[in-house]
Amino acid sequence: RTVQPGGGMHTTECRSCNYCYCQNGCVMSGKPLHDGWTIGHRIVVVLGFALCVFIMLANLLVMAAVVINRRFHFPIYYLMANLAAADFFAGLAYCYLIFNTGPNTRHLTINTWMLRQGLMDTSLTASVANLLAIAIERHITVFHMQLHTRMSVRRVVVVIGVIWLLAILVGCSTMAPLYSESFLIFWTVSNLSTFLVMVGLYGHIFVYVRSRAMRMARTGSATRRNRETIMGLLKTVTIVLGAFIVCWTPGLVILLLDVFCPSCDILAFEKFFLLLAEVNSAMNPIIYSFRDKEMLSTFKRILRCRQTGSLSGNQICF
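Quick note: the sequence shown, position 304, residue 304 per the working numbering, numbers continuous.
Source of the hints: derived by calculation from the structure; they are not laboratory data. Mixed in with the good hints, there may be bad ones.
Stated by the list, open to error - Distance windows between CB atoms, simulated:
#, residue 1, residue 2, range
1, R291, R154, 46 to 52 Å
2, V253, V197, 16 to 22 Å
3, I43, G200, 34 to 40 Å
4, M214, V46, 33 to 39 Å
5, V158, R210, 19 to 25 Å
6, K300, V158, 18 to 24 Å
7, M214, V53, 20 to 26 Å
8, T109, R155, 27 to 33 Å
9, S190, L57, 15 to 21 Å
10, L303, L257, 14 to 20 Å
11, V153, H204, 39 to 45 Å
12, T109, G40, 38 to 44 Å
13, V157, G200, 42 to 48 Å
By construction, the Cβ of each residue, glycine as well, lies at the ideal position given by its N, Cα and C atoms.
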């Protein structure tokens with residue numbers, strides 16, 4: 001399909017393009033452009049908007065809790081706050097996407113199209129990179145028998161900066177203005193590689209924690225509290241790994257099938273799988289925060305506008 005300067009799309013075939021918008025102003029994504037809102041579009045918009053609101057509020061609560069509670073001024077919580085910031089931005093980006101899809105796609109200019117996709121890629125890449133950073137941090141602490149890593153605040157800031165730099169580079173690469181099959185393959189393989197690394201890290205933690213729990217149980221060297229702590233970590237790791245697999249695998253598989261199987265009619269389900277991937281941003285505050293009793297307690301204090309000695313003295317109310 002060719003794209004006019006004003007953004008209107010026509011059905012003229014343009015074979016000089018690779019996959020999506022390119023420098024010559026063409027789009028070859030193969031997606032049908034609808035004149036009106038279908039039932040599927042309406043369902044995605046309603047569910048997506050509700051999900052965006054929850055994502056933004058939940059992650060804003062996480063960021064506020066880390067800022068005002070001195071007990072959270074450690075590397076793992078700084079990374080959790082940055083993860084919350086990435087997921088908050090993902091909620092904003094997805095909200096922008098759902099209101100610029102469906103029939104509205106016909107009226108998008110090339111720059112608007114690239115901005116829409118770039119925002120999603122930037123936010124989701126930052127979220128995945130944060131998940132990887134947290135997995136590495138947890139791996140280090142578990143195998144060094146530490147509650148928190150000895151990483152300095154400066155190093156944490158550097159890690160956070162690298163995460164956002166990487167995310168912005170990935171997002172801006174779609175606005176270069178080249179967004180092609182090669183980029184889709186690169187982005188998908190990068191996420192799958194990150195997924196495999198996380199599987200390896202969490203799998204290693206899973207095996208180590210289980211073997212340690214069994215060894216302590218045989219020798220009787222572990223108290224009930226120690227066993228509960230170990231099993232609690234085991235459950236958290238399992239939930240994290242399972243959530244990532246469930247939320248991300250379908251979307252990544254869809255992208256690869258779309259590139260390597262042009263005859264497969266799979267783009268009709270793309271929005272639903274993107275919505276499923278976005279659910280991971282909503283689950284992160286629950287997984288990483290609501291299993292932390294201190295974090296949950298801080299949430300309650302914030303929501304009730306109460307101030308205690310463990311807080312920094314700043315009163316934030318939602």
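Exercise for the section: Provide an ascending list of the numbers of those earlier hints which the structure does not satisfy. Expected result: Of the numbered hints given earlier, those the structure breaks are 1, 4, 5, 6, 7, 8, 9, 10, 11, 12, 13, listed in rising order.
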